[in-house]
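Q: Okay, here's what each chain looks like letter by letter:
There are 2 protein chains.
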Amino acid sequence: MKAIVNVALKQGVLDDQGKATHHALDTLGFKEVVKDVRIGKQIILELNSSSKEEAQAEVTKMCEKLLANTVIEDYNITITE
Amino acid sequence: MKAIVNVALKQGVLDDQGKATHHALDTLGFKEVVKDVRIGKQIILELNSSSKEEAQAEVTKMCEKLLANTVIEDYNITITE
Numbered sequence: 001m002k003a004i005v006n007v008a009l010k011q012g013v014l015d016d017q018g019k020a021t022h023h024a025l026d027t028l029g030f031k032e033v034v035k036d037v038r039i040g041k042q043i044i045l046e047l048n049s050s051s052k053e054e055a056q057a058e059v060t061k062m063c064e065k066l067l068a069n070t071v072i073e074d075y076n077i078t079i080t081e
Numbered sequence: 001m002k003a004i005v006n007v008a009l010k011q012g013v014l015d016d017q018g019k020a021t022h023h024a025l026d027t028l029g030f031k032e033v034v035k036d037v038r039i040g041k042q043i044i045l046e047l048n049s050s051s052k053e054e055a056q057a058e059v060t061k062m063c064e065k066l067l068a069n070t071v072i073e074d075y076n077i078t079i080t081e
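Those sequence lines, one after another, are chains A and B. With the UniProt record's numbering applied, the first sequence corresponds to residues 1 to 81, in that order. With the UniProt record's numbering applied, the second sequence corresponds to residues 1 to 81, in that order.
Don't take each hint at face value.
In silico DSSO-like pairs for lysine-lysine, Cα to Cα no more than 27 angstroms straight-line [stated by the list, open to error]:
#1 LYS35(A) / LYS2(B)
#2 LYS65(B) / LYS2(B)
#3 LYS52(A) / LYS61(B)
#4 LYS19(A) / LYS52(B)
#5 LYS61(B) / LYS41(A)
#6 LYS35(B) / LYS19(A)
#7 LYS10(A) / LYS19(B)
#8 LYS31(A) / LYS35(B)
#9 LYS19(B) / LYS31(A)
#10 LYS41(B) / LYS52(A)
#11 LYS61(A) / LYS41(B)
#12 LYS41(B) / LYS65(B)
#13 LYS31(A) / LYS31(B)
#14 LYS41(A) / LYS19(B)
#15 LYS2(A) / LYS41(B)
#16 LYS65(B) / LYS31(A)
#17 LYS65(B) / LYS61(A)
#18 LYS41(A) / LYS10(B)
#19 LYS41(B) / LYS31(B)
#20 LYS61(A) / LYS35(B)
#21 LYS31(A) / LYS2(B)
#22 LYS19(A) / LYS65(B)
Hint data in this document are derived by calculation from the structure and do not stem from the laboratory.
Take the sequences, apply the hints, and build the full model.
A: The structure is reproduced here in structure tokens:
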């Protein structure tokens with residue numbers, strides 16, 4: 001089973017990396033096109049779980065313990081085959 | 001219009017961050033559950049494009065020029081709204 005975890009900074013938290021990328025895109029000629037850039041992490045886990053429910057529960061624990069800093073980040077989990 | 005760009009290391013390229021995370025998950029008690037971890041970036045762009053086709057073309061240019069290192073990374077683009 002496979003889990004895709006997207007971790008992004010909460011709304012309102014300064015996104016340095018996103019700001020720098022936005023600025024770089026502006027200087028590369030995309031000033032008119034780009035309104036906002038935000039950068040997060042995508043974590044792809046290969047799991048030995050027997051059911052989607054079990055996988056979801058385990059990955060939620062992993063997010064709370066390690067994968068996300070829940071003070072400043074939100075995460076969402078997608079479980080696929 | 002919104003574009004979501006997922007950038008991940010190509011298969012075969014050593015994923016240090018993924019390896020370290022895998023190890024950390026093992027020591028936290030997920031040794032039986034986790035088979036593999038890979039970590040990539042998720043870039044969320046807010047765009048001023050008038051059509052999906054235009055947005056797709058612009059974001060492809062951004063990926064080739066800045067957002068991905070195409071020697072070692074793959075990217076995929078999803079346009080929404």
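Q: Hint by hint, say whether it matches the structure.
A: Checked hints:
{"no.": "1", "hint": "LYS35(A) / LYS2(B)", "result": "holds, 10 angstroms"}
{"no.": "2", "hint": "LYS65(B) / LYS2(B)", "result": "holds, 19 angstroms"}
{"no.": "3", "hint": "LYS52(A) / LYS61(B)", "result": "violated, 37 angstroms"}
{"no.": "4", "hint": "LYS19(A) / LYS52(B)", "result": "holds, 24 angstroms"}
{"no.": "5", "hint": "LYS61(B) / LYS41(A)", "result": "holds, 21 angstroms"}
{"no.": "6", "hint": "LYS35(B) / LYS19(A)", "result": "violated, 35 angstroms"}
{"no.": "7", "hint": "LYS10(A) / LYS19(B)", "result": "holds, 26 angstroms"}
{"no.": "8", "hint": "LYS31(A) / LYS35(B)", "result": "violated, 42 angstroms"}
{"no.": "9", "hint": "LYS19(B) / LYS31(A)", "result": "violated, 37 angstroms"}
{"no.": "10", "hint": "LYS41(B) / LYS52(A)", "result": "holds, 24 angstroms"}
{"no.": "11", "hint": "LYS61(A) / LYS41(B)", "result": "holds, 21 angstroms"}
{"no.": "12", "hint": "LYS41(B) / LYS65(B)", "result": "holds, 16 angstroms"}
{"no.": "13", "hint": "LYS31(A) / LYS31(B)", "result": "violated, 46 angstroms"}
{"no.": "14", "hint": "LYS41(A) / LYS19(B)", "result": "holds, 15 angstroms"}
{"no.": "15", "hint": "LYS2(A) / LYS41(B)", "result": "holds, 17 angstroms"}
{"no.": "16", "hint": "LYS65(B) / LYS31(A)", "result": "holds, 14 angstroms"}
{"no.": "17", "hint": "LYS65(B) / LYS61(A)", "result": "violated, 38 angstroms"}
{"no.": "18", "hint": "LYS41(A) / LYS10(B)", "result": "holds, 16 angstroms"}
{"no.": "19", "hint": "LYS41(B) / LYS31(B)", "result": "holds, 24 angstroms"}
{"no.": "20", "hint": "LYS61(A) / LYS35(B)", "result": "holds, 16 angstroms"}
{"no.": "21", "hint": "LYS31(A) / LYS2(B)", "result": "holds, 16 angstroms"}
{"no.": "22", "hint": "LYS19(A) / LYS65(B)", "result": "holds, 17 angstroms"}
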